[in-house]
Every structure is written in C-alpha cells, then in structure tokens.
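Chains as they are written, first to last, in my numbering: chain A, 333 to 867; chain B, -8 to 337; chain C, 4 to 295.
These aren't lab readings, by the way, just hints derived from the structure by calculation. All clues stand as given, with none of them false.
Under the rule of at most 30 angstroms between Cα atoms (straight-line distance), these lysine-lysine pairs were calculated in the DSBU-like manner: (1) K84(B) / K266(B); (2) K204(B) / K365(A); (3) K163(C) / K227(B); (4) K204(B) / K745(A); (5) K208(B) / K158(C); (6) K365(A) / K221(B); (7) K350(A) / K161(C); (8) K227(B) / K143(C); (9) K158(C) / K221(B); (10) K221(B) / K350(A); (11) K227(B) / K161(C); (12) K496(A) / K527(A); (13) K365(A) / K227(B); (14) K161(C) / K221(B); (15) K143(C) / K204(B); (16) K158(C) / K227(B); (17) K227(B) / K350(A); (18) K350(A) / K69(C); (19) K489(A) / K508(A); (20) K295(B) / K84(B); (21) K143(C) / K365(A); (22) K208(B) / K111(C).
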Amino acid sequence: MTPPEPAPTPPPGFVLHKKRLRFLGLTVEDCIKAFFGGNAIMSIVVLALITYFLFREGAGFFGQNRQNLEVYRQAGLEYVDYLRQQTDDHTALTRYLSDVRLRALNHYAEERKLSFEDASTALAPFDEFAGKFGDAVEPLRGLVSELSDVATAIKTKFIVNEDKKEERRQLLAENKAAEAAQVAITPVDFATELKPLLGTLPAYKDANREFAAQLTTLVSRVPALPTPDLQQRMARWQQLARDYLATFPTVERNLEQWDYRQPVPAWKSFSSFVFGRQWLTASFWQDWYGILPLFVGSLLVSLVALTLAVPLGVGAAIYVNQIASTREQKIIKPCIEFISAFPSVVLGFFGIAVLGQALRLLSQQEWLAWIPGFPYSERLNILTAGCLLALIAVPTIFTLAEDALNNVPTALKEASFALGASRLQTTLKIIVPASLSGIISAVLLGLGRVIGETMVVLLCAGNRIAIPDFGRGLAVITEPVHTMTGIIAQEMGEVVRGSIHYRALFVVGLVLFILSLLINYLAQGIVRRYRISIG
Amino acid sequence: MNPPQHPFSVRPGAVHHREQPVFWLFRVATYFILACGAAVFLNIVVKGAGTVFKTEAPFINTTFLTEAPESLYIFEWEGKKMEMGDREFRAFKEQNPAAAKVKAESFVYSAGGIWPCIVGTVLLVVGSMTIALALGVCAAIYLNEYARDGAFIRFVRLAILNLAGVPSIVFGLFGFGMFVIFFGWNVSLLAGWFTLAFMVLPVVITASEESLKAVPKGFREGSLALGATKWQTIRKNVLPYALPGILTSSILGIARVAGETAPIMFTAAYVVRDKLPWEVEQLGDFFFQGVMALPYHIYVVSSKIPQNEYTERVQYGTAFVFLVIVALIATVSILLRNRLRNRYRW
Amino acid sequence: MESPSTASPTDRDKAANSSVRMGTASLPAGTDPSAPRSPASRTLIDIEHLDFFYGQTQALNDISLKIQDHKVTAFIGPSGCGKSTLLRCFNRMNDLIDGTRVPRGTIKIHGVDIYQPDVDVIELRKRVGMVFQKSNPFPKSIYENITYGLRLHGKTEKSKLDEIVEKSLRGAALWDEVKDRLHANGLGLSGGQQQRLCIARAIAVEPEVILMDEPCSALDPVATAKIEELIQELRSRFSIVIVTHNMQQAARVSDRTAFFYLGRLIEYADTRDIFTNPANPQTEAYVSGRFG
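Bound conformation, chain A alone:
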C-alpha cells in the first residue's frame, strides 16, 4: 500500500515535553491536588479526634470509679448499706400498709358513708397494727444512723488525706520541698477506724433477733379488713413480709463475712457503670455512676417519638410521592423541610410553655381516662418530650423515605398498572416493599436524630434520674426521666475538670457516640444489602 516512508521528524514547535516547576518532586498540579486531598481527609481526622478526645477525657473514669468503689468498701459504707437496705425494705412494707389504709378509708367513706371519725374508729385495730409494725424497726434505724456517721467520718478522713497528698505532690512539683514537708499526712488505718463499726455486730444480732420475732408475731395476726379486695391485698402484704423476713439470715451472713480488705475487681468498675441502676452525684454518702436510668430514659423518649413519627412520616412520604398532585407536592415538601429547620431549643421552650400544660389538661379529661397513665400530674415527662421529638424526627424520616420511594424504578410501577392493579394496590404491594430497605434506614436515621437530640429532652423530659416504674405498663410514658444527652448538657457546666463526675460525663458521651455510629452503620448496611437494582 503505502511506500516505506522516512522516519518522521516532528515539525519545529512540536514539543510534547515541557519542564514544569517542581517542589520535592511534585508539580504545582500535584501540590494543588494534595491540598484538596488534605481537606478531604479532614472528615476522617475530625472523626478520629472526636474518638481520641472522648477517650482521653473519659478513659480515666474506670480507674477512678474503681477507687470510688474501693473507698466505699474500705470506709465501711458498704457495710452500713447492707443494714440500710434492711430498713429501706421495711419502709417499703410500711408504705404498702398505709396504701391499704387509704383504700380502706375510701371504702368506709364512700361505700358505707361513714363520717371521718367513725371510719377512724373502724380502722383503729389496723392503725395499732401498723404502728407496731412501724415502731419495730426503730432500734435498727438508730443503729444505722449511728453507723452512718462513723462511716462518713472515715470517708471524710480518707478524702482529706488524699487532698493533702495531692497538695504535697503539687508543692513538690513546684520545688517547694519545705512547705511540702509541712503538709501533715496521717495515713488512715482502716482496721482501727472500722473497729467501732464492726464492734456493733453482736448488738445488731440481738436487735435483729428481737425485730424478727416481733415481725413474725405481727405478720401472723393481721387485722381484719372489710372487703375481699383489701383482704387480698393484705394477704399479698403478708407474703411480702414473709419474704422480707426470709432475707434476714442473708443480711447477717453478709455482715459477718464482710471484709474491708477484699479487693474490688476491675470489672466491677465497668459493670457498675453499664448496669448501675443509680446515677447519684454530689451526694453526702456515696456517688454512683450507673448509666442505666439515663439509657432507659433516652430509649423510652425515643421510642415514644418514633411511635408517633414513623406512621406520620412514612404515611406523609407515601402520600406526597404516590397520591398527591404535583401542586400539592410543591407545597408540602418545602413546608416539611421548613419544619426541620425549627431550632430544637425553640421546640423545647414550646414544650415547657404550651405543650406540657396542654397535654396534662388533656390527660385530665374524663373521656380520656381509659388511656394508660391518664390522668397524670407531672407536666414534663416522657410523653411531652416524645411528642416534640416526633416533630423533629418526622422531617428526617419523611425526606429519606420519600427519596427511597422515588428511587423505585418507574418500570415496576408501570408493570403493575399494566396488569390492572389499582393505585393503592401498586403502592402498597409494589412500591413500598421495593423501597422498604430505604424506609427502614430512614427510620433508623430518624432514631439516631432523636436519641442524639439534647435541648428538647433537657427542657421537657422532666429530668428525674431514676428508672421509671415499668410495673405500670404503658403508663410508664407519663413519668419524668433523664436522658444521656440531657445529663451531659445539664451537669457538664458544673463539674470540676478531671473529677470522676467529669469523666463519667465523657464516658456517657462516648456511649452516645458509639451508639450513633452503630445506628449509622446499620442504616447503611440495610440500604446496601437490600437495594434492588433494575437495569
């Protein structure tokens, strides 16, 4: 074809090589790329920094908590708490009795139309019984309060000592050896200090025997009550009292075997945080850092919020995506987006100023009394916070669920219509199942949004640090709780830096952080795993 040609020579000016400016072997372009890449890494860096600083500030907690528990044991607080438990249980039984009395009084006043005096007369035997039951614990209670003082004194001594040690350490660090030497430290000898405490054991045993005997006789001779219902309650009380009496030997054994030298294992510090049922700080007796009440609070509030937000959010998404006209869509979508811009603190304020009161009034309506927990008197509770959080979760769930519905290929919809299915049938049987993974992940992300929300729960959840009484069934949602986010926001400003309380709050933050990562991971996993792909 073509005859062999001479080796081609590029025309003048045709140079494809060019020397470009280089720093450290990189051209300007490479440097620019590296600069932008550096910014992209920021997100990883921030995530790493968050993890690092939460750990950095929170890590000391478990060590300090262990020490905290050790002091609890060494200073004899634990010993006293065994006894206190006994008196507390007794108080619970007394409360049960007064509840029974109240019911009986109501019965006399309302059913038998007795005057107050007559009713009191009728209840005289019961009162005498209850009085005897209540008084029986007095010697024990005296002992407890006496020993409490002893234990507190030991603890204070120990803490003062620790403070002095710290002072000396600081002085030494500042090279003030002379002044440091002047700081007098008298080490606490727990064995001698605890002697008066432990010395009371025989006396306790005597008192306890007496107490047990009294109770046993009392329990077998309960006074008669007018109605079968009350009698049944009384029988139940008897059972509880017998159970209570049965715990006495265990208490005695605990006291006998108690030894302040027994070391506190490291896992105790961890488990007392994770499973601890008490979050008690700045107490004169003993601080407890158990996350359970806060966790349960967060969970309950979120559950209430999601129960409201999921049907509404998903329902609205289906409506807007499948049913609404284009004009309606154009109005509704920005409006819901607009709701998502409500600052949470304003919603919290709305809860305090309006919603809490409005819901309480609603709960006191006669015709709503069938709802569990109604009527209630606490204005700020799980329900109030949950309703407001639902308003926060709805836009998130709506937007993501709408996206998921939108991503269902039109081919599916058309195929269903072509087979003669109606709009509802197509929506419920084709579109929703096809986008289910997206909807579930929307709900999960909504959960993440709600569980991490701070201001609404801080202002509206009632801030009572206790595990709500699940015995009340669904009515539990009308109790006030405190939450993980709320406790950080509330207490962070007041704690001493580096103290155990401060570190505990960081650990709570860490738990929140891990929880949010977990929720995110699940949401993404679900989307990735069940995504339908139709070419």
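Given chain A's structure and the hints, the job is docking chains B and C onto it.
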C-alpha cells in the same frame, strides 16, 4: 335511559372507590404534620410578636432588639403596679428616697433586650460557616474532581456519613475537650467556631459535591481538550458555575449552625456578659472571648426563671426573634435552591 | 440510521461532489492542491498494535493504523466498536476515566510516542484539538469561549486576541452570524452554531489535528450540512479525524475511512474504495446497511 353497558364501564364498589379511605388516611397524616408545625410556629409568632412589635410608631420594640438583658423589678408604688428594668429602678430609687425600702419582686433577664445575643449568634454563624465552607468546598473539590474510586475514598465518604450522624452534644463535648481544655482557648468564640464548623462539615461537603456534580462533564472535557491543566479547568470552568449552588445549599448549614445549642453550651456561650464582643482591649482578645447567643439565652430564660406573665414576654420574644431568623435563612435557602435547580439546565 | 434526507439537494450534492473530488485528488501523491504545507501523504499519527482496556473489558484489540497529515480520516462502525475510544486516545482524554490502561502498543504523533511518561499531557492537548459529540460551549460570551484556550496559554494582548477571534470564527464559518454579538452568551446560539463555536474554539489554539467525535449526531440536517462544508474548508489547514455514525457523512467528507468492529480494525482504505469496493465482507455488509 341507562348508558349502554360495556366491559370497561365503571362498576359500583370498584377498587378505586374502596381505596379512597386509605388515601384519606395518608392525607390526614400529611396535613397533621403540617398542622403541628404551623401550631408551633404560630404560637411563638403570635405571642412573640407582642414583645417585638408595638402598636404605635416605630412599631418595633427597639429596646428589646438593641439593649442588653436586665433584671425586671415589680413593686407597688403609690397604689400603682410598677415594672422597671434594673437601671431604671436604680435611677428611680435615687429620685425617690422613699422607694429604697420598697419591696420589689425581681426576675432576672426579664427586662431589657437581647442585642448581645443577636450579635453573638451572628458572630458564631459567620465564623463557623467561613471555616466550614473553606474546608468543605475544598474537600468536595477533591472528592468530585480529583478522587478516583478506591478504598481511601470510600473511607472518606464513610467518615463523612458517620460524622453527619454524630449527636450535636458529642460535638460539644469534643469541642470542650479539644479546644477549651487541650488547646487552652477557654470558653471562646474560636472554640465555638471550630466546634460548629466541624459539626456542619458533612452538610457543606454534601451540598458542595452536589453542586459540583451539576456542572456538566462537557465543560471539563472541553477545557481539558484545549490544553488546560486540571486546576485551570476547575478554577475557570467548574467552580464559577458551581459556586452559586454551593452557597445556597450551604445556607441550610447556616440554619443548623444558628439553631444548635448543645455544641456551644460549653464551648462558646456565656449566660450573661456585660461587654459587647468588640469592646476588647486587644484585637487578639476578640477571638478568645465568650459570647451570649440566642439559642443558649432561650435555654436559660426558659429553664432557669419561672413562667409567669412578666417573664413570658422575654421568653416568647427571644424565641420569636430566633425562630424568625432561622426560618428566614431556611426559607431563603429552600427557595433559592429550587430556583437554581430549575435555572441551571445545561 | 440518521440520513440527511431533508437536506437541500444542492447542499448534499455539493458535499458529495467535493468529497469525491477530494478523494480522487488524494490518490496521486503530492498532487493535493489544498495541502501546500504537506509533502506526499506524510504519516501524522502512527498507531501500532494498540490494546486498550476499560477495567477488565478490552475495548481495542491490536489496532495498527497510520493517519495521514492534512487528510480527513473517518472512523466508522457500529456502536461500541471502539472508534470513539481510539479517537480519545489521541489526546489522552481517556486518562480521565478510572481504570483505563494501554498495556500494549504505541501511538506516535510526528514520531513522538504520546504514551511515554515524559510526555506532558497538557502540551499534547494543545496540539490535538477536540470537538465533542454534544456541543459544549462554556456558559461565557462567544468572545471568551474563543479566547479561553489562548488565555490559558498566556496570550492576553487584546488586539492579538481580537484578531484571533475573528480569524477563528471566520474559519468556523460563524463570523457573519455572530460578529455583532461577540459578547453574548455562547449558550444562546443554536445547536449548529454552538458546535461551530466549539470548532472555532478548537482552531483558535492552532492545533495540528482536530479530533471530531460524532460532531453532527445531535444536529439537524441543515446544521449538519454546514458543519460538513466547514470540514471541507478546514482540511487545507488541519488534519481531521472524525468519528461518525453516518456512513453518507463519512463518504462525503473523508479521504480515508477506517471501519471498526468489536474493537478491531477491519478495513482501512481510501473512502471511495471502502464504499464502492470493500475488501472485507463485513465492511460490505455494514456499508450496505445490513447491520449496524
């Protein structure tokens, strides 16, 4: 006469009649949400408007918008009920020595205005958005223009996704641990800026990437084919067209920054501060001072003082101003974004 | 298959005629009057045993081809045959796509292997202009569109730029239509004008070669005819490689035609031979419209 029956005629009880109730259920759910949103919004607007606006000229309560918060004193004077702010009350006592012993009920923060809070919020928003935009746009440029799919990029995207889910209070803790304590900036504007900037970073990155993606590939190819370097292409032929989109979408980030309370609670916000932010001795001090901020002020006035007719004014007024600012930002962003989406069809 | 059936007969005839004339003229070496700079059909782009991969998918298989200077070379073939891929290899636009690689073979332009690591891609793209399938004027004024490439390469003298803008627009047969609105947005032009603007933009930087990737596929027949006419005019100054779906177009505008099928070069010959007397039965089947 009945119309002739044919196989496609509508039958009574046909499917599309039966589905109407279900459709109504969805419709009710949708409008219920809107009603709830409207209820909250209107409640605050209606009650708050009473504080911010007046019936006589100039129709706006300038005291509320331009002065610092004070305590409110309420007392009986010559048979009349008097309400006075702190300064006014002191002046009054000097004029009427007899008033010195009058028994007055006082409510903190319930008089005066919220000017320092507005200033503080604006400063926080401007600073943090500047930082977030600088970081976020650059990150988005990398992700959209330079990055090639690989383990690293997937990791970066995963980090962005996860960062978006981190609760704001955790950002607050992080900011406290890193900026306030570790860097020793104390409670300061600077600490608040960085904390908030990191918090909105995912929003800004996502918005910027979306805008960069909307610039057609042809612009890049055309430019590169003319012998432009990558950076020349981005600078001259991609960024200028993406920038309006980036800025509008980022306004939504502004709404988030302005609306969050938890991250600034222990990094930047003061309950009360007498001086305005520019009343500093040295320029350097400007960055290391705490400020008052609207969201935190709302938290303080709604949780730390009792609810009654006297305190309600400042509570609702602050909430109103705040909500209107945030809502305005959000509305502008939503409207602009929709306009922009329609306009730029290359 | 899009065929310019609605084009005015004169347009079509002229295009067809010129194509035939040029085709004949190119046969005897050195007699081409329209290529004064060029000696006898000199090789401009020399492709040897080129393989090309998108990830694991092989898009080009052992392509060897010599493209001559100052000729119009057309690449034809059914969709996905690799003709556009090959075209984008000439200015390494494929580098922008993730996972592409050239494991074997060379492409030499003027004897310089453009896949050597020391080749500066930016310099290469200055010499090898490109016009895309979808016209992509930048959303700037017409003037700025033309001067974009020049400014990149450091030409900023106003009078010089004005001169080049006029020259390029005239070269792209657009000057008369837009001279009064040079500062109007390029996106305001019609589809055909936009594509000619893109051509003007490409020739403004004076490349050696202009690659055209189906430049008329989105245009109506009238606009297509104008572009084809323009290609006829440009051939005196530039070498042109055009990828096209439209066989009539290839027949009208090109001197040499290469037929690709499934990533292989099936036949490469003078355009007239390809369409009247193809050596390969597959080529014959394709040009007679039996598949594709």
